[in-house]
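I would like the entire structure built from these sequences, with the hints used as guidance.
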Amino acid sequence: MNLISFRSMMAVTALGAGLALPVFAQSSSPASSSAPAASRAKKTAKMPVYPIPQKMTRSGGSVTVPALKLSGARDEPTVNALKSMFSIAPNGLPVQMSIIKGSKKAAGNVPQKAGAYSLSVTQQGIRMTGYDDEGLFYAAQTLLQLAEKTPSGVTVPVVEVLDWPDVPFRGTIEGFYGLPWGQEGRISQFKFYGKYKMNTYIYGPKDDVFHGFSKRWREPYPADMAKDLKELVKVAKQNKVNFVWAVHPGADIHWGEADRKAAVKKFEMMYDLGFRSFAVFFDDIGGEGAKPEGQVEFLNYLNKEFIHKKPDVTPLIVCPTAYSGGGGRYHEVMGEHLDKDIGIMWTGSSIVSDIRTPALKGINKYLQRPAFIWWNFPVTDYVRHALFLGRTYGVDADAMPFMQGFASNPMDKPEASKISLFSVANMTWNAKAYDSDKTWKDSIRILFPGCASAMQTFADHNSDGGPSGHNYRKEESVEIAPVVEQVLELCRRGAKVSESKAFDRLKAEFAKMAQAPDMIRAKSNNPAFVAEVEPWLIQFESLGKAGMNSMQMIEATEAGNASGALNYAMEAACLLAEMQRYSKEISKAINKHVTEVTKKNSPWQTAVKPSELVMAPAVRELLDMGSTPVLSRVSGQAVGRVKPYVSTKSKGGIEKMLDDDPESFYYCKEVQKKGDFFGVDLGAPREIRTVSIVMGRNDSDTDAVNKGQLEVSMDGQSWSPLMPESSGLRVEYQGNGKKGRFVRYRATAQGVPGGKSDVWTAIRDFKVNAPAAPSVLTDAPAFKTAVVEAGDKDISLKRIMEVHPLPPKKSLGLQIPAGASVESASVNLKTPDMKWAKLYISMDGKSWTEVPLKADGSAEIGGVIKGIRLLNAGSSPQEVTLEEFKLNLANKGGKSVDNGAAGDFNLATFLPVELSPEKVEIPCDSPRANSAIVLSDGKEASVLACGADGRWVPVGNLAKGRKVNTFSLKSVKKPVKALGLTGKKGSSVNIFEVIWK
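Per mature numbering (1 follows the signal peptide of the UniProt record, and there is no 0): the sequence shown = residues -25 to -1, 1 to 972.
Since the hints were made in silico from the structure, they are not lab data. Hints should not be assumed to be uniformly reliable.
With beta-carbon atoms standing in for the labels, derived distance ranges [claimed, not checked]: (1) Lys618 to Ala537: 37 to 47 angstroms; (2) Thr723 to Trp823: 25 to 35 angstroms; (3) Asn84 to Thr125: 29 to 39 angstroms; (4) Gly710 to Asp412: 49 to 59 angstroms; (5) Ala42 to Glu135: 47 to 57 angstroms; (6) Lys618 to Asp412: 31 to 41 angstroms; (7) Gly100 to Met22: 43 to 53 angstroms; (8) Pro457 to Gly691: 28 to 38 angstroms; (9) Lys618 to Asn536: 24 to 34 angstroms; (10) Asp316 to Ser850: 34 to 44 angstroms; (11) Asp316 to Pro195: 38 to 48 angstroms; (12) Asp247 to Arg33: 45 to 55 angstroms; (13) Lys166 to Ala42: 19 to 29 angstroms.
This structure is a prediction, so every number in the text was calculated from the model and none was measured. Virtual Cβ for every residue (Gly too), placed ideally from N, Cα, C.
Set out below in structure tokens:
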């Protein structure tokens, strides 16, 4: 087994549980950091105290502490914390410990707030005063951060600290979908919370059936799970963490005495296991369980019959069904009738959003109490391909006084989540002193002292989730982004770039990316973290190497080294192709593992893609631009890259019309005139098979060519139409054999016909000869931003966990401009039945035919379709959860494939071919060709060609290790129709380009 496969296997095995597997640790993470303990402590001691204290004064000087002599209040977790650094002895430095709450002593200057404390260190001794035992524990944690081990003992600075938290309850909520953290992951988290003064953990894993989301919420935990929970309660108490156990009865609730008593009984069971904090979740449900009146009665009963009868239990918390937004009748009912001592959770103005003070104040008026924030960051269950390791920002500093608590919903990776949670701890303790950038970088130095630089590089480029239904974006690659744009702009202009400072800096950054993963594996001293992120480390290393090869390709080209440029280009292309293959394979392995652990089907991991905001697109564009001179030399003919081609003067951001990003757009801020055109220069004449244009800043915008003519030209002077005049924000064309170098869409009317005339023009995408991507087809507002995922075996709408309304006569579905051969469809919207629904398909994208929809949400299709939609044919809105909307594609083995990627003169794209004894055909777009040059990844395959007589003639083989192969077609009767590839079943080959000569 090769090293990459081994690492991948071990990463999947340890996922979610946060386990430090010994075999994995031995092969890629040494048991201890290369830096000795004393030196590591010294480096950490130079960091500020975190969270940053409200008031701290250093007087100068320090005290060497051979041991401590403890007196006063005794708190076992506090004493244990001190013992982790100091010796305890009768002749040690005196330490006076006090707890104000409940005593008759004056509080002094310590605020009467939970967790508040003071710490005084002088030459004569140390005084630690906590408002409560939590505050005393936090005083010890501050002392430990200030202390520094030296050869002569432990040194502590002379200091006065007065400190308290801004937010009473601070911590996390394990409320994500997917693989729960596991025992070791939670224990690690609790110890982390204690160290950095977070006091709340809310237990609500969606895949724990005894927590809820199933009929089993009433049942007691099995003995083994109960034992684990008791251990967790113990560790939580040792670290001053309120372990909040939540029940989720809403999916199976019956508003009546039986279930009210069942809930009290379940709480009693959990109380007996040691729990003293409780919550009830009603999130992500519909139907009877979502009614606020029933919820209020249920919650007030629990409050009266359980919470108020237990003097040692903290106030009850509820996550409501309507947990986001600006308020409505639901919130009015909860605010008016729910007991005022019950906390109500809120995720922000939308499900995944920043927390802004005006919005928080607004929802508090409805709730008639400060909201308890459930912040959906750094959770990635809606963008599983990504990691959120970047800066933590988006919460207003002045919002803290208006919240009861703050719980961050983290990733399913407990160790990786600590980077963001470190910042959450600081932000919620002392918001005014919170510097998001400094805290983020300090957290990496503190958590990863042995590989801080490498870890910073990894985090710099893994912080944005990309497009999603929630449309919540984060910054990424911030410091290098301007440099990337400088290099790309020089390349776009055709200027010499390899001698520029920007080029050198970008090349060095790619080198850092390529080197960082091995450094992290070797020196993170955290094998659990490595196991969690290993798939991303593998991809990140490959991306860095692809970037380096792309830069070396440019250097070789500018130095006149054509063969070197070709070698670097092909190496970069192969790395990008391997990344795509690995992404699919590791995603399957992760899904299999999660399914086995949770006993629930889990197909939700669809990719592993690092650095998709800046660095990965940069590598693809660099390789694309560098392909032009490389392929010109290989083909012996002039090859130009695709460039924007417009008639207007405003060209800022024009490259965005070709970046394949549906959220970006070229915005021409000139009043549109009749005759204005927007298009592309293909660089060389090509057969125009498909054109796909998307206009407008969004799907309801009027800043577009609202009526126009799609045209083609060989020389940019003489034009002919490709299709009839059209209107609307989308233009789709399927070819009829016309060739040309220039393709444009020309305005045949100014502005909106019969409407607004002074419009600007936004072009989101302009694609030629790229298979038109499937997209969501809906007129229901809640699903407009749904994400489509297209694979080899199916096309689907990405899962949306939350409940949304599908109004009457509104529909949800997929449009497939290029068409797809579909065997069947499967729809799961988590409704009691599908009697309200009707399913329609379209063969031409215009007319619709109803097909039978079975009770289980499946339907037989059996043909090529261009659209499918599920209609709410009833008279009432349906509360639906988009669990699954999938088209299962027909598998016909050998087939004819679209060669858009294999004929676009761009090595950053490729055609993946699954080989078998049955031919896979690549159509020929140059029928008089006498030879074909095939650029591939060096894997073996047999090559045939088909001519006018329909005979398939063997013309040679793709040789193992050879990435450029030339095949003579002189024996093939003209016109040439296609190349055919065959090979051993289960093998594959990536075709980057087929050049016909």
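Now the hints, each set against the structure:
1. Checked against the hint of 37 to 47 angstroms, the C-beta distance between Lys618 and Ala537 comes to roughly 23 angstroms, which is inconsistent with it.
2. Restraint check, Thr723 to Trp823: a C-beta distance of roughly 29 angstroms satisfies the suggested window 25 to 35 angstroms.
3. Checked against the hint of 29 to 39 angstroms, the C-beta distance between Asn84 and Thr125 comes to roughly 31 angstroms, which is consistent with it.
4. Our hint of 49 to 59 angstroms for Gly710 and Asp412 holds, since their Cβ atoms are close to 51 angstroms apart.
5. The hinted window of 47 to 57 angstroms between Ala42 and Glu135 is violated, with their beta carbons roughly 23 angstroms apart.
6. Our hint of 31 to 41 angstroms for Lys618 and Asp412 holds, since their Cβ atoms are close to 37 angstroms apart.
7. Between Gly100 and Met22 the C-beta distance comes to about 25 angstroms, which lies outside the given range of 43 to 53 angstroms.
8. A hinted range of 28 to 38 angstroms for the beta carbons of Pro457 and Gly691 is consistent with their spacing of about 33 angstroms.
9. Between Lys618 and Asn536 the beta carbons are some 25 angstroms apart, a value that agrees with the proposed interval 24 to 34 angstroms.
10. Taking the beta carbon of each, Asp316 and Ser850 are about 41 angstroms apart, inside 34 to 44 angstroms as hinted.
11. Take Asp316 and Pro195: their Cβ atoms lie about 28 angstroms apart, and the range 38 to 48 angstroms is violated.
12. A hinted range of 45 to 55 angstroms for the beta carbons of Asp247 and Arg33 is consistent with their spacing of about 48 angstroms.
13. For Lys166 and Ala42, the hinted distance range of 19 to 29 angstroms is satisfied, since their beta carbons lie about 24 angstroms from each other.
Comparing the model with each numbered hint stated earlier shows that hints 1, 5, 7, 11 do not hold.
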